[in-house]
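K.L.:
One-letter residues, chain by chain:
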Amino acid sequence: EDQVTQSPEALRLQEGESSSLNCSYTVSGLRGLFWYRQDPGKGPEFLFTLYSAGEEKEKERLKATLTKKESFLHITAPKPEDSATYLCAVQSLNSNSGYALNFGKGTSLLVTP
Amino acid sequence: DSGVTQTPKHLITATGQRVTLRCSPRSGDLSVYWYQQSLDQGLQFLIQYYNGEERAKGNILERFSAQQFPDLHSELNLSSLELGDSALYFCASSVGTANEKLFFGSGTQLSVL
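Quick note, the sequences are listed as chains L and W, same order.
Numbered according to my numbering, the first sequence spans residues 1 to 113.
Numbered according to my numbering, the second sequence spans residues 1 to 113.
None of these hints come from the bench; they were simulated from the model.
Here a beta-carbon is modelled for each residue, glycine too, at the ideal position from N, C-alpha and C.
Certain hints may be false.
Subject to a maximum C-alpha distance of 27 Å in a straight line, what follows is the list of computed DSS-like cross-link-like pairs (lysine-lysine) [stated by the list, open to error]:
{"#": "1", "chain 1": "L", "residue 1": "K42", "chain 2": "W", "residue 2": "K9"}
{"#": "2", "chain 1": "L", "residue 1": "K42", "chain 2": "W", "residue 2": "K57"}
{"#": "3", "chain 1": "L", "residue 1": "K63", "chain 2": "L", "residue 2": "K105"}
{"#": "4", "chain 1": "L", "residue 1": "K105", "chain 2": "W", "residue 2": "K57"}
{"#": "5", "chain 1": "W", "residue 1": "K9", "chain 2": "L", "residue 2": "K69"}
{"#": "6", "chain 1": "L", "residue 1": "K57", "chain 2": "L", "residue 2": "K105"}
{"#": "7", "chain 1": "L", "residue 1": "K79", "chain 2": "L", "residue 2": "K68"}
{"#": "8", "chain 1": "L", "residue 1": "K63", "chain 2": "L", "residue 2": "K79"}
{"#": "9", "chain 1": "L", "residue 1": "K68", "chain 2": "L", "residue 2": "K42"}
{"#": "10", "chain 1": "W", "residue 1": "K101", "chain 2": "L", "residue 2": "K79"}
{"#": "11", "chain 1": "W", "residue 1": "K9", "chain 2": "L", "residue 2": "K57"}
{"#": "12", "chain 1": "L", "residue 1": "K105", "chain 2": "L", "residue 2": "K79"}
{"#": "13", "chain 1": "L", "residue 1": "K57", "chain 2": "L", "residue 2": "K69"}
{"#": "14", "chain 1": "W", "residue 1": "K57", "chain 2": "L", "residue 2": "K57"}
{"#": "15", "chain 1": "W", "residue 1": "K101", "chain 2": "L", "residue 2": "K63"}
Just a sample of chain W residues kept apart from chain L, beta carbon distances all over 10 Å, derived [to be verified]:
{"#": "16", "residue": "V4"}
{"#": "17", "residue": "I12"}
{"#": "18", "residue": "Q17"}
{"#": "19", "residue": "Q48"}
{"#": "20", "residue": "G52"}
{"#": "21", "residue": "E75"}
{"#": "22", "residue": "L83"}
{"#": "23", "residue": "S86"}
{"#": "24", "residue": "A98"}
{"#": "25", "residue": "S106"}
Can you make the complete structure from the sequences, with help from the hints?
P.N.:
Structure, rendered in structure tokens:
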């Protein structure tokens, strides 16, 4: 069974203090790994998709990386507006699940001025 | 704004009752996904429809059912409600059957009292 574990559960940073969020996964054949951002009272918003180990993607202050067992979301010089819950999800090659995304429980990030 | 519309935003009901949640996908998207989000379980995939037909099932209870209509809007029916069904229910849409870039609505907060 696919498993996605995110750590830490919560993270508090000062503005400008860079850090990384971790997503460890086990899946029977990885089709893709996804990062989403969720603000309070809203639905998740797509950030990145990574398909193979060694791949990296960047968007503003965020950079996502992927290995065979985990993914990191690096946040460089964060701002208060980066405060949100960051969700990681994996998509299995097993089409029986309709390629549904299996989400982790998320990391709640708070960036203080 | 993701372009996915969910109604109602909030729903309060009693145990044993039945409710219907509604979702209109983004224009042009043929797939609709339903997810349940609770504090302890995180985002759990329930069911997917593609162009009116059921495509994949996740952890959906037998008391729950869904359908997608010819105009592509979808409804999630929850019956014989229990306290544990209280959660945030999200609808998401995508263009194809295995498109991982999901666009989420703002959710329906269901409270069963």
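K.L.:
Please go over all the hints and tell whether each is borne out by the structure.
P.N.:
So, going through the hints one by one against the coordinates:
1. L:K42 x W:K9: Answer holds: L:K42 to W:K9 is near 11 Å, not above 27 Å.
2. L:K42 x W:K57: 24 Å, holds
3. L:K63 x L:K105: 20 Å, holds
4. L:K105 x W:K57: 20 Å, holds
5. W:K9 x L:K69: Violated - the C-alpha atoms of L:K69 and W:K9 are around 38 Å apart, more than 27 Å.
6. L:K57 x L:K105: 22 Å, holds
7. L:K79 x L:K68: It is violated: about 30 Å lies between the C-alpha atoms, which goes past 27 Å.
8. L:K63 x L:K79: 15 Å, holds
9. L:K68 x L:K42: Measuring from Cα to Cα gives roughly 31 Å; hence the hint is violated.
10. W:K101 x L:K79: 25 Å, holds
11. W:K9 x L:K57: 34 Å, violated
12. L:K105 x L:K79: 23 Å, holds
13. L:K57 x L:K69: Distance ~17 Å between L:K57 and L:K69 Cα, so the pair holds.
14. W:K57 x L:K57: 31 Å, violated
15. W:K101 x L:K63: 18 Å, holds
16. V4: The claim is violated: W:V4 sits with its nearest Cβ about 7 Å from chain L, within 10 Å.
17. I12: Given a closest Cβ separation of 17 Å, the condition holds.
18. Q17: Answer for W:Q17: holds, closest chain L Cβ roughly 24 Å.
19. Q48: Non-interface label fails for W:Q48: nearest chain L Cβ at 5 Å, not farther than 10 Å.
20. G52: 15 Å, holds
21. E75: About 18 Å separates W:E75 from the closest Cβ of chain L, which puts it past 10 Å; holds.
22. L83: 21 Å, holds
23. S86: Holds: least Cβ distance 16 Å, greater than 10 Å.
24. A98: 4 Å, violated
25. S106: Not fine: 5 Å to the nearest Cβ puts W:S106 too close to chain L.
Checked against the numbered hints above, the structure breaks hints 5, 7, 9, 11, 14, 16, 19, 24 and 25 and satisfies the rest.
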